[in-house]
Amino acid sequence: MASAFDRIADLIAETSDVPRDKITPDSHVINDLGIDSLDFLDIVFAIDKEFGIKVPVEAWTQEVNAGRAPAENFFVMKNLAIRVEELVAAKQAPSA
Amino acid sequence: MRLEYFEMIDRITAVDETTLTADCLVPPAAGNPVFAGHMPGYPLMPGVLLIETMAQASGWLLLHRLNFTRMPLLASVKEAKLRSFVLPEASLQVEATLVHDGSGYAVTTGRITSNGKKVCEVELTLRALPFPTPELAAMVRDRARALGLPVAAPA
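In the order they appear, the protein sequences are chains A and B. Residue numbers in the first sequence follow my numbering, run continuously in steps of one, and reach 368 at the last position. Residue numbers in the second sequence follow my numbering, run continuously in steps of one, and reach 157 at the last position.
Honestly, the hints are just simulated from the structure, not real lab data. Heads up, some of the hints might be wrong.
[Unchecked claim] No farther apart than 25 Å at their CA atoms in a straight line, the calculated lysine-lysine pairs in the BS3-like style are these:
1) B:K120 to B:K83
2) A:K326 to A:K363
3) B:K119 to B:K83
4) B:K80 to B:K120
5) A:K294 to A:K321
6) A:K326 to B:K80
7) A:K321 to B:K119
8) A:K321 to B:K83
9) A:K350 to A:K363
If you're wondering where the values come from, they're calculated on a predicted model, not measured in any experiment.
Chain A on its own, in the form it takes in the complex (with noise of 0.2 Å):
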């Protein structure tokens, strides 16, 4: 199966006007390949629906303002498909 990093990618340009070949695993989402709030909420679905997970943007937003995290820890393509494989761990582990 291909990498989160891929899968992500290739929603990102099915979803917006960025091309593929401009994804890379450096791109910031916003920065970087442009993407406004609102395409965001079209990637955020189309990722929660690939994925089956929730990814939880307002609190990693929160994150980010209460300078708790920098934003490219969730911004940064590579590091966007680490917080996803991390959601979908998450969710596959067995509940205590």
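Assemble the complex: chain A is given as a structure, and chain B must be docked to it using the hints.
Relative to chain A, chain B alone:
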């Protein structure tokens, strides 16, 4: 319906965690400023107001799910299909269904029928934001009660 006040829903008839249904009665054309303009001599319910009606039904569904803690606001309209004209005094049945409950947003579908006949449908995305003022939150609760939507006391 009071079109000029954007009061599109007359009565919420049923609601659960994923679906809300409501009834609406399109007002008569005589003296109605919306029908005076749309269109002169040939009054038709504007398609954008049908979409607004489905958006409001979705909004009430989300308010119910969120226990009125946040205000749903329309963010995107997709796949809108307006299948048949709606005339003054038509009776409409509206249905909103949750498709996806996201973080700070939700995706719904809306559908309107009139006496069993398909009128229109749409896919909508709504953001859920904090109420900008307590007065608006109180007004929304009052309006919900008037429409027949159960409202719990604020936490």
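Hints versus structure:
{"no.": "1", "hint": "B:K120 to B:K83", "verdict": "holds, 10 Å"}
{"no.": "2", "hint": "A:K326 to A:K363", "verdict": "holds, 10 Å"}
{"no.": "3", "hint": "B:K119 to B:K83", "verdict": "holds, 14 Å"}
{"no.": "4", "hint": "B:K80 to B:K120", "verdict": "holds, 18 Å"}
{"no.": "5", "hint": "A:K294 to A:K321", "verdict": "holds, 23 Å"}
{"no.": "6", "hint": "A:K326 to B:K80", "verdict": "holds, 21 Å"}
{"no.": "7", "hint": "A:K321 to B:K119", "verdict": "violated, 31 Å"}
{"no.": "8", "hint": "A:K321 to B:K83", "verdict": "holds, 24 Å"}
{"no.": "9", "hint": "A:K350 to A:K363", "verdict": "holds, 20 Å"}
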